[in-house]
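Protein chains in written order, with my numbering: chain H, 1 to 114; chain W, 115 to 224.
A couple of the hints might just be wrong.
Chain W stretches covered by chain H per the calculated footprint, using a threshold of three residues with CB under 8 Å from any CB of chain H [stated by the list, open to error]:
{"no.": "1", "region": "128-134"}
{"no.": "2", "region": "156-167"}
{"no.": "3", "region": "192-204"}
The set of hints was computed from the structure by calculation and includes no laboratory data.
Every value quoted in this text rests on a predicted model; they were computed, and no experiment measured them.
We put the CB at the ideal spot given by N, CA and C, even for glycine.
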Amino acid sequence: DTAVSQTPKYLVTQMGNDKSIKCEQNLGHDTMYWYKQDSKKFLKIMFSYNNKELIINETVPNRFSPKSPDKAHLNLHINSLELGDSAVYFCASSHRGGWNTEAFFGQGTRLTVV
Amino acid sequence: TQLLEQSPQFLSIQEGENLTVYCNSSSVFSSLQWYRQEPGEGPVLLVTVVTGGEVKKLKRLTFQFGDARKDSSLHITAAQTGDTGLYLCAGVDSNYQLIWGAGTKLIIKP
Chain H
1 DTAVSQTPKY
11 LVTQMGNDKS
21 IKCEQNLGHD
31 TMYWYKQDSK
41 KFLKIMFSYN
51 NKELIINETV
61 PNRFSPKSPD
71 KAHLNLHINS
81 LELGDSAVYF
91 CASSHRGGWN
101 TEAFFGQGTR
111 LTVV
Chain W
115 TQLLEQSPQF
125 LSIQEGENLT
135 VYCNSSSVFS
145 SLQWYRQEPG
155 EGPVLLVTVV
165 TGGEVKKLKR
175 LTFQFGDARK
185 DSSLHITAAQ
195 TGDTGLYLCA
205 GVDSNYQLIW
215 GAGTKLIIKP
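Here chain H stands alone, though its shape is the one from the complex:
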């Protein structure tokens, strides 16, 4: 069983389109995250949700809108895609709190905007 699964794994789309990436975790964690990893491999947090509530919203264009229908799901919707949005997007989950806040990652979604 996959602990954190995100779909699709690859996404190629044209500029201006709207797309969604889905994420589900079956670990019983209360916190979920979206990260963006660019071509230089920097891992930057975009959003963090705890028990379906947004707790971190880094400086991300408002074209990006996360939605958490329940604790096990955190989807990412992107409007009006731009070339600079091309990157690998990772969903992750963890228990919140404590020094042992281990993040479990999905396999990533490679988004290419053409």
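For chain H, the structure is supplied; the task is to place chain W on it using the hints.
Relative to the frame of chain H, chain W by itself:
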């Protein structure tokens, strides 16, 4: 803004050599984690160090947390081709948020 700086950013060595990767910050962390990321996959936790001065060993990998809990190092002895990957450090801050380093891309040549 808390930052974790990793060095070197890129390292390519021959199989059998030793190497050390560093993770430095001006901030104190509750703990520090090391992750390894293989191509096409998400990062996977290798180890968490908690106490200042702590040393943990995972086979040929040795992890150390600085006395002041601001820095850490990863030393690999007799590197193997299977060690190839992206190594990321992440500090857990006082709000239990993960602060990530940029990563060290390691290539071990046969």
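Hint by hint, here is what the structure shows:
no.: 1; hint: 128-134; result: violated (count 0)
no.: 2; hint: 156-167; result: holds (count 6)
no.: 3; hint: 192-204; result: holds (count 3)
In summary, the structure is inconsistent with hint 1 from the numbered list given earlier, while agreeing with all the others.
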